[in-house]
Amino acid sequence: MWFALATGGVAAFSWGALSMIRRARKRSRRAFLLTSAFSQKYYVADFVQRVQSELDSEGIDLVLKVPDRDYDASAQSHHLGRLQDRRREYVGGIIFAGEVQRLRDDLVAFCRDSRLPVVFTDIEPFDKAADYPHNSAYIGYDTGELGELAGQWLARRLREKRRPRVLIIASSEHSNRQERCEKILRKKLSDVMITTDDRCGFVRSRAYDAVRAHVRQMDSHECLDAIFCTNDEMALGAVDALSRSSPVTRDTVVIGVDGVLEAKALIDTADSPLRATVVQDTHRLAGCVVDLLVKMHRGRTVPTRTILNGEIYEAS
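Heads up: the sequence shown at position 225 corresponds to 225 in our numbering, and the numbers run straight through without jumps.
By construction, these hints were calculated from the structure, which means they are not laboratory data. One thing to keep in mind: the hints can contain errors.
Stated by the list, open to error - Straight-line C-alpha distance at most 27 Å; calculated BS3-like pairs for lysine-lysine:
(1) 128 <-> 161
(2) 188 <-> 161
(3) 128 <-> 295
(4) 183 <-> 128
(5) 161 <-> 187
(6) 295 <-> 65
Assemble the whole structure, with the sequences as input and the hints as a guide.
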């Protein structure tokens, strides 16, 4: 008899607990963050941490969606499908879009069918404000302007050099960074010699290999004056490569993009080839992104495009 009563009590408790959990889930608020990359991407990891903190202050839980392969449109499309199936669980979300040419139709369909507020950041997925679905917006840095800032810094640094040689270590993603940097350099320095390697995919080890390969191809009487890396992880890889003594690289300076802590710390030593980085402030960006998402969730009108200003961080 006791066993029967105890069993019944446990069953009653279990059903009651399950009911409470279901009600709690219905009351809970969650937002998703879909990234285009995550593996060894310290800028993205820092942004995710700051977004989580900002959402938590609003009483919203964060659900992180990471693609199986970095910068793969099909992997992101898969996550969009899963989010669409469970759209009622979310108040909205944030998307780092990758391979936007391939993903654009899926993004439009997701915004249309989910009807959720969506904030895009990192890369603008649409060419014009009029192309954005009505329930979406973009806030972030103009990737081309970040390249321009790097180009202007390099032009000032190299203006006294005769036929300066610049190596640009880049990726097919954010291609405007290297293109706009090169445009500025060619405008400011008429005799500049530029080599661009866009196969490094924002990966530190690939940047290391690319710099070493480039240096080996140079004549011993030549000098590599500067390296622009389109993110800080590649800039750190370039610094690793420059640690091997070579007359070709004895005066080489490096500038990156993002402003990650490791890069800033190295710049502050003033004893490294890494002399500057173009900062994308993750603290400011996360706050702006979450503020925009919350306003959209509450039905308020927001700007379709908001562009933040980058800035140069260099040794004082």
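Can the restraint linking residue 188 and residue 161 be considered satisfied, given a maximum Cα separation of 27 Å?
holds (12 Å)
Is residue 161 within 27 Å of residue 187, Cα to Cα?
holds (15 Å)
Taken at face value, is the distance from the CA of residue 65 to the CA of residue 295 at most 27 Å?
holds (22 Å)
Would you mind confirming whether the straight-line C-alpha gap from residue 183 to residue 128 stays at or under 27 Å?
holds (23 Å)
Hint check: residue 128 vs residue 295, CA-CA at most 27 Å. Holds or violated?
holds (22 Å)
Compare the distance between the alpha carbons of residue 128 and residue 161 with 27 Å, and conclude whether the hinted pair is satisfied.
It is violated: about 40 Å lies between the C-alpha atoms, which goes past 27 Å.
The structure does not agree with numbered hint 1 stated previously, though it agrees with all others.
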